[in-house]
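Chains as they are written, first to last, in our numbering: chain A, 1 to 450; chain B, 1 to 761.
Keep in mind that the hints were calculated from the coordinates and are not lab data.
Be careful, since some hints might not be right.
Unchecked claim - Facing chain A, according to a computed beta carbon distance under 7 angstroms, are these residues of chain B, among others:
1) Gly347
2) Pro711
3) Tyr712
4) Pro742
5) Ile745
6) Val752
Said to hold, decoys possible - Calculated cross-link-like contacts (lysine-lysine; reagent style PhoX-like; alpha-carbon spacing at most 20 angstroms):
7) Lys743/B with Lys4/A
8) Lys702/B with Lys380/A
9) Lys286/B with Lys2/A
10) Lys665/B with Lys646/B
11) Lys702/B with Lys49/A
12) Lys376/A with Lys743/B
13) Lys743/B with Lys380/A
14) Lys361/A with Lys286/B
15) Lys741/B with Lys361/A
16) Lys728/B with Lys368/A
17) Lys2/A with Lys743/B
18) Lys361/A with Lys743/B
19) Lys376/A with Lys646/B
By construction, the Cβ of each residue, glycine as well, lies at the ideal position given by its N, Cα and C atoms.
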Amino acid sequence: MKVKTLSRSSDVYLPARNCEVSRLPRNLDPDLHPFERAREYTRALNATKLERVFAAPFVGQLGNGHIDGVYCIARHTRRLNSAASGSGDGVIKYWDLSSKEEVASFTAHRGIVKGLAVTLDGNLLSCGMDNTVKLWDVMETDHSGGPSKTFLGSSGFTGIDHHRSNPIFVTSSNAVQLWDENRSKPTADLSWGADNVNTVRFNQTEQSIIASTGSDRSIVIHDIRSKAPVQKLVTLMRTNAVCWNPIEAFNFAAANEDHNVYLYDMRYLTRSLNVYKDHVSAVMDVDFSPTGQELVTGSYDKTLRIYRVNEGHSRDIYHTKRMQRIFCVRFTMDARYIMSGSDEGNIRVWRAEAAARSNVKSARERSKLEYEATLKERYKNMPEIRRISRHRHLPKPIKTASETKRIELASIKRKEENMRRRSKKGTMPYAKEREKQIIGVAIREVENKV
Amino acid sequence: MDVVDEFGVLVSAEISAGGGDGEDDSEDGRDESDDDERPSFSGVSDSEGSIHHTTATFSDIESDFVPSDLEEEEDDDAIKSLKQAIEKASQKSEEDVVRIKKRKKLGLPTHFAPIVDDGEDIVPVKKKVTLDDIRAHTSSSFGTRSLARLDELEKRSKGKSEVVKSRLGRRLEVRVDRAAAYEIAKEEVGKWEDTVKRNREAEHLEFPLQRSGGAATADITGALDLDDELDSEKLVHGLEGREFSLAEVIARRNELRRMRELMFREEMKAKRVKKIKSKTYRKIHKRERERAQEIAAQLEGESGDEDHEDSYGRLVKHARERMELRHKNTSNWARDVKRMNLHKSKGTRDELEEMLRRGEDLTRKIEGDDDDISGDDLPNINDDEEATEEASGIMAMKFMREAEERLRKQNKESIDELRRMEDGRDGETEEDITDSAVKIINEGRRRYAPGVQESKYAAQESVEQFIEADDAPVGLEREMASIAVKDADSVSTISKTQTSKKGEFKSSKASNPWIQDVDPGSVAKGASVLSLSKDSTRFAKTEARLKRSRRKAKKAVQAVEDGEAEVRIDVNQILQIRDVHGDPDAEANPVNGEDSHVMMVHKGGRRAKPAEFQQRELVKRAFAGDDVVREFQEEKQKTVEDEGDKEVDVTLPGWGSWTGKGVRKPQKKFIQKIEGINPKNRQDSKLKNVIINEKAAKKSAKYTAGAVPFPYETREQYERSLRMPIGKLWSTQATVQRLTKPKVIVKPGVVVEPLSAPFAT
């Protein structure tokens, strides 16, 4: 008599090839898998908790930093691991991001280095308050011989940016000037009114458009085709930095002195598209992620915040005990890391996703992470999950400041409401949050239609 | 550059028109150089042109020395329109100027101060620059050449049109200029809108978004069929119209080769895999084969020298048929036939019959199997098959078909005759149609027309028909019919339910073809007059009956005309009947059918009482004595008290209850106060008709979102988004992958470049 034993062919559970992942046989009968919602909720909750557990945003600092504060950072546009920084004592340093080591260090300017830009062939342009723009060959580590080219201006430069595909760059000083790399004098003056222009930034997508911010609280849009400024927006407070969205040609973010960042459409400047709140002090710099989905801001309140483009509040805040006021932030070109330069002279590298790791993952690990991310997204509105995912430890000054700010704003609002109640109906209309900061634009829609 | 320096603002504007080079003034070289000079432009020539025009016209206006431009007519038009525009703008801007001046007087800053603040201060504009001035400042041969060109242009243009003098201040000009430039910039940048929209709406964004190269070959290979000739000559021939380069063609050929090779390999592999079978598989199959052969040998041993395998195969087939009950009436097909009344068609009915007969044969065989399993079985099956074949053969023969055809024709004729008879009556009066008992029964509908009362007789009539036509009537059916007639008697009209019931019954009868044969009486009663004609005597009977019914109907009509009976039936009455009918209590009403009928008619004759009012009365009577409001209030009061503060006596029994002489009075009670919900703080304290449960499950609050979250608009939407689980346990691998694919995927270790326009550089 033959006794039948339970047997299973190894074909069922062993992978056909070595490189394949072994299959896990499973029964799809829904009766065997009850409570699916409760289970998935629990998984989402656990994933959220683990995300907070594994959140370690700080990767490290670059070398030993600068002696003076870092006021500008430039990333290489075609290589991932190269960056340069300029400090308050006129020193420029090249960095190798993968080893976090210093590649070269030299004194480039007398006085503060205000701006850095990368040329088409990967060389570095720097500008300083000593009225010069200098071109540096990055392949050389010894710059004792001086720059490979020097451009002289009439006053101290405050910002510089390079065209994406032409040997043209634009500088800001007491004027916005367009330069050709091969000429010693500016080819055009694009100024519009301001005594002093703080920053200037090329649009990387629609490449002939430039945005500059002036000390007269203005943001000016320039077009290098007509070699003229075309539109001007004046806000209540000064704009410290602008950055164009790399995948949405007409949108740019403006970091304002009033603690907020505003997103504008250059075609319709009478209102902002979004207001990014949360900072408790002036926002000094803003940078879009190369994916155009997020933006990072560095603030005078010594913190760095990351916003999703379509949300109004930050999704994360980074800070360390020793980090001082942040003057420049940049995403790396692979959208995974953030560099920040601060007043105390260090350049810090952060993860864009605090809990993400960049190691190579197996297919199963990846699919699990994706599954968890989906679950987190799905159940993010559940109170418990929302609470945990939003919880951040804040430095006490920031916490108290934000608390104070909240109270102040509420007070203002209340007062306004009282005034509105006591005044004649319709005389005090509600100001729209997205238009509050705007004083006016130079070219209004009516004029355009003439 | 010298030119720029010497002529300051004015000439720099001119440069802005031309792109910064003296050469640009030349007619021919202008457009090309423009293109060269503006590399970042997205390559759409229309807008470039428009930029060119506008800037050119501005320069025309502002500087007298520049002759009107290349396309003169066009420019003239442009200038005209621009002039108008500027005039308008100046009217408007005058106000602005006044406003700004005011601000200045007050010492306030003006936001929109241009480079040069006041138009009045600008000296260079006031002083007109002539060609001679430029000539004086130009020394190079290069400059003179272009000046010569200008001279020429001037000469040409002088004959035609006057140079337009600027009437505006410099400030306003610049302003208008900017407005135009801004308009163009907006337009240019607006071209990205579709891309932006698409990216925003995309389900997944994979960065880098744009491939850096190698797309061309892939596209070509994708565009062509894989089955194309591999021959390179033919390939080239086929692609001639497309103008591909040789390299592309070769790439495609290689691609095709690779595909074919892969397909071949796959095929070979499949072949090999098909052959491979496990040891157990072979063992089992071998054993089966052997057993089958054994049986076959046994069978064939008796039946003679037939082909072994053939007979074995038949055996298996029949066995399977038996097992599968293919020839029972229960197959899907048979059920469908029944359901959809397909059996009315001859072919289907034949097939069905055939199937049932075969089923019967098989069951017989199965029953007989116990007796003779070995010897008789196989020959029997053979016979059976032969017989069926024969039958079908006969049926297929011509004379049989003709006979069938004849029969059908006969049927049709008789049907037609019946129809005609009906039609004949149709010709008489219109009311007669409605009177027809057959019709009423067939339609199973309530009729609100004169003569409906007569349907009683008609129903009776039909039953009579039924009884007469049926030689051996089925008891149940007769009973049903008679009940129906009785009902009709009592209520005096055929209610909808009854007729429909009958209809159902009928249809169920008619739908089963096998019962139809056994029980033709039901058919006689039913709507299908078709089967009547099968029997001529029956036909004659029916005819007679029809005539009789017609006569009666006539009588009824006569009666109506005479005013014997009031036959108006209105909706209210019907409703009332339905109520009575539906309510068992009402049935038990002592009022008998006849009386109610009379009453109804009476009522109908005068003025019907509104049904709603009666309903209300009824409801009132039904719920008499129920004080719902008071009950609710009491309940609420009780809930409030239950959930409110409570005092509990926690005195230990016996504690301190001393007795005897000199004992003090017992201490006051130990009362504990348990805090509840203050009645004032209740959520329903101000809602009179509501009780809100304050003890709502607080645990579940943890698992519910407070409000409907942002992208969703209703609670249902949000709920729906959470309903289906995602995990591997609940859906297939592919679904899980699709659902969990992240929205933004960034390829690791790659520079994510900003978007760039497809044809720029």
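Structure-based check of all given hints:
1. Gly347: Violated - the Cβ of Gly347/B stays beyond 7 angstroms from chain A, reaching only about 44 angstroms at its closest.
2. Pro711: At 10 angstroms from the nearest chain A Cβ, Pro711/B fails the 7 angstroms test, so the hint is violated.
3. Tyr712: 9 angstroms, violated
4. Pro742: 6 angstroms, holds
5. Ile745: At 9 angstroms from the nearest chain A Cβ, Ile745/B fails the 7 angstroms test, so the hint is violated.
6. Val752: Because about 4 angstroms separates Val752/B from the closest Cβ in chain A, which is inside the 7 angstroms limit, the hint holds.
7. Lys743/B with Lys4/A: Roughly 51 angstroms separates the two Cα atoms, so the pair is violated.
8. Lys702/B with Lys380/A: Within the cut-off at roughly 13 angstroms; holds.
9. Lys286/B with Lys2/A: 17 angstroms, holds
10. Lys665/B with Lys646/B: It is violated: about 26 angstroms lies between the C-alpha atoms, which goes past 20 angstroms.
11. Lys702/B with Lys49/A: Holds - the C-alpha atoms of Lys49/A and Lys702/B are around 16 angstroms apart, at most 20 angstroms.
12. Lys376/A with Lys743/B: 14 angstroms, holds
13. Lys743/B with Lys380/A: 16 angstroms, holds
14. Lys361/A with Lys286/B: Distance of about 49 angstroms is beyond 20 angstroms: violated.
15. Lys741/B with Lys361/A: 16 angstroms, holds
16. Lys728/B with Lys368/A: 10 angstroms, holds
17. Lys2/A with Lys743/B: Cα-Cα ~57 angstroms, so violated.
18. Lys361/A with Lys743/B: 19 angstroms, holds
19. Lys376/A with Lys646/B: 44 angstroms, violated
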